[in-house]
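Okay, here's what each chain looks like letter by letter:
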Amino acid sequence: MMANPENANSEKLREIAKTLRLDVLDMTTKARSGHPSSCFSSVEIVTVLYFGGILKYRPLDPWWPERDRFIMSKGHAAPLLYAALARAGYFEVEKLLTLRQLNSPLQGHPIQRLVPGVEATTGSLGQGLSIGIGHVLGGRLKGLDYRVYVLLGDGECEEGQIWEAAMAAAHFKTSNLTAILDYNKYQETGPISREMNLEPLVEKWKSFGWYVTEVDGHNIEDLIKSFSEVTNIDDRPQIIIAHTVKGKGVSFIEADYRFHGKALTEEQAEKARKEILCN
Amino acid sequence: MQLGEKAGLKPSKPMRDVFGESLLELCKKREDIVVLDGDLGNSTKAEYVRNVFPERFFNIGIAESNLVGIGAGLAACGFIPYIVSFSSFLLCNAYDQLRLSIALSNINAKVVGSHGGITLGKDGPTQMGIEDLALVGGLPTFVILVPSDPVTMKASVFASADHKGPVFIRSSRVAMPYIYDEKNMSFQIGKALIPRDGEDVTIVGCGIMVSMALDASVILDERGISVRVVDLHTIRPIDVETLVESAKKTGAIVCAEEHLIHGGMGSNVARILSEKNPVPMRFVGLRDTYVESAEPFQLLEKYNMSTMDIVKAAEEVIRAKG
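Sequence order for the protein chains is A and B.
Note that my numbering numbers the first sequence so that position 107 is 107, with each residue one more than the last.
Just add 1000 to wherever you are in the second sequence, counting from 1, and you've got my numbering.
It should be emphasised that the hints constitute simulated quantities derived from the structure, not laboratory data.
Don't take every hint at face value.
Below, a list of computed lysine-lysine pairs in the DSS-like style, where the Cα atoms sit at most 30 Å apart [said to hold, decoys possible]:
(1) 1164(B) <-> 56(A)
(2) 1028(B) <-> 173(A)
(3) 56(A) <-> 95(A)
(4) 1006(B) <-> 1191(B)
(5) 206(A) <-> 30(A)
(6) 142(A) <-> 1154(B)
(7) 142(A) <-> 1191(B)
(8) 271(A) <-> 204(A)
(9) 142(A) <-> 1029(B)
(10) 1164(B) <-> 142(A)
(11) 1006(B) <-> 1154(B)
(12) 206(A) <-> 56(A)
Covered stretches of chain B, as calculated for chain A (at least 3 residues, CB under 8 Å) [as the list claims (entries may be wrong)]:
(13) 1056 to 1062
(14) 1068 to 1074
(15) 1090 to 1101
The C-beta atom is built at its ideal place from N, Cα and C for all residues, glycine as well.
Using the sequences provided together with the hints, build the complete structure.
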């Protein structure tokens, strides 16, 4: 697939988002573990990247040197990454239901290249952005003009390595690096503002030398606009701070941190499935 | 006293200079090598590369986690990154990044820890890598190399580039004498060298302890004890064959390393021999303590890691043979 946001059809993308939510729901319910609510807040972001003409990639040639890179730094959203890769044609959709099972490559958190399209090992938080910078520097040395996208969790930004990387990205003027911050406002044990306040986030990233833009992280059209907007920045890395809702799409888990890292029961999943289909 | 003086070894050369020169030579031969520095290039001598190939040299600053992560990204693009800093800072500060981004991902990255052991001396215990071998030993997939002289250092740098997968090279701050002659030495990862052969006891060492073992062998020889010295330059994959053969041949083993005796070279040798061919063993190394600022040889003496401590351990273990 080549990058071409012009052709993106919002209605179709909303349908894909629905499919990915259902995939995540089925996978984590079957595995009886995982982080569905952390996946749900990122669904539209990942949908737009893979299916909205933002990323250029070749599912059957997953390590094509000129591909754009997508690094899922918030590794606990692995089910969403797997679902997007399967739906994009990297591997069979049926495999998704082997998540977290013995002998399946679909590990609870992603392992680099164990699954076609998985660029980095993540799960211990804070590591993806640095790896993304390495991809930028590598592309620069090889004269390739691919872009690198890194999806960060908000709680993840409490890790010191994120700020080491933020500093280095600006220093190396990584203008083809875009971070997306899934700002769903909750970390494992509670609201971020209560547990470890990240604000003022926009000012922090700006002062580290990044171009910062904010967006409703569930609005397909606005996300496409933001991804287009940042490609015009040619002198520094960019971050899209996407305001999202943890558990988005399933009313009874939305914005409820107690569902972090919890799969839904069969009964809850049935209810959730109906809600997702009706949305 | 100089290392290797008793054994009549050729004059020493600072290992970091050898490392810097070897890395530069490697960069001249291979365009896929990149060097990542944690702002210590002037101390590790990785800066030799910076002066000649500035585009392939990245100072990531004083941020080891990010240093390792960026190296992992470059490796994913097909480059072979040499990630260089003090051993203690890399292993202790960036352990999780070494674990996820390199070891678990099993990528083709090389990590070089300088200033391993206690002989960096005056900078004191905060800078000393006394636990680095134990820590890297906890990362499956890493090959672990501890060169013992300028020739094995250069060989380690080149062999690490040819090996596909994570490699850790540890060097010490002190100058080390030449044990080998480049022309008639064959270096192979996982194959220990035997710079001296003997019958009564085997001293297994790595790093500076190999030339110290050779010094100790001369003293022991004067006392009528014939010593085999095994240079265990590769701690993983460990050379089971040479270790077992040495245990069978001499019936007693002394392990000597510039590291805590816990989890380093000696622990690994003991694990192999206890399974395959148990013989009396003794261990020369740092015993459950941090050390202090001083001259390197003062430290080796005070903390019972001197040549004479190796001699003592050898005599003791021979008595234990019964």
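For each hint, the structure was consulted:
no., hint, verdict
1, 1164(B) <-> 56(A), "29 Å, holds"
2, 1028(B) <-> 173(A), "27 Å, holds"
3, 56(A) <-> 95(A), "24 Å, holds"
4, 1006(B) <-> 1191(B), "26 Å, holds"
5, 206(A) <-> 30(A), "42 Å, violated"
6, 142(A) <-> 1154(B), "28 Å, holds"
7, 142(A) <-> 1191(B), "36 Å, violated"
8, 271(A) <-> 204(A), "40 Å, violated"
9, 142(A) <-> 1029(B), "18 Å, holds"
10, 1164(B) <-> 142(A), "21 Å, holds"
11, 1006(B) <-> 1154(B), "24 Å, holds"
12, 206(A) <-> 56(A), "28 Å, holds"
13, 1056 to 1062, "holds (count 4)"
14, 1068 to 1074, "holds (count 7)"
15, 1090 to 1101, "holds (count 5)"
Of the numbered hints given earlier, the model fails hints 5, 7 and 8; all others are met.
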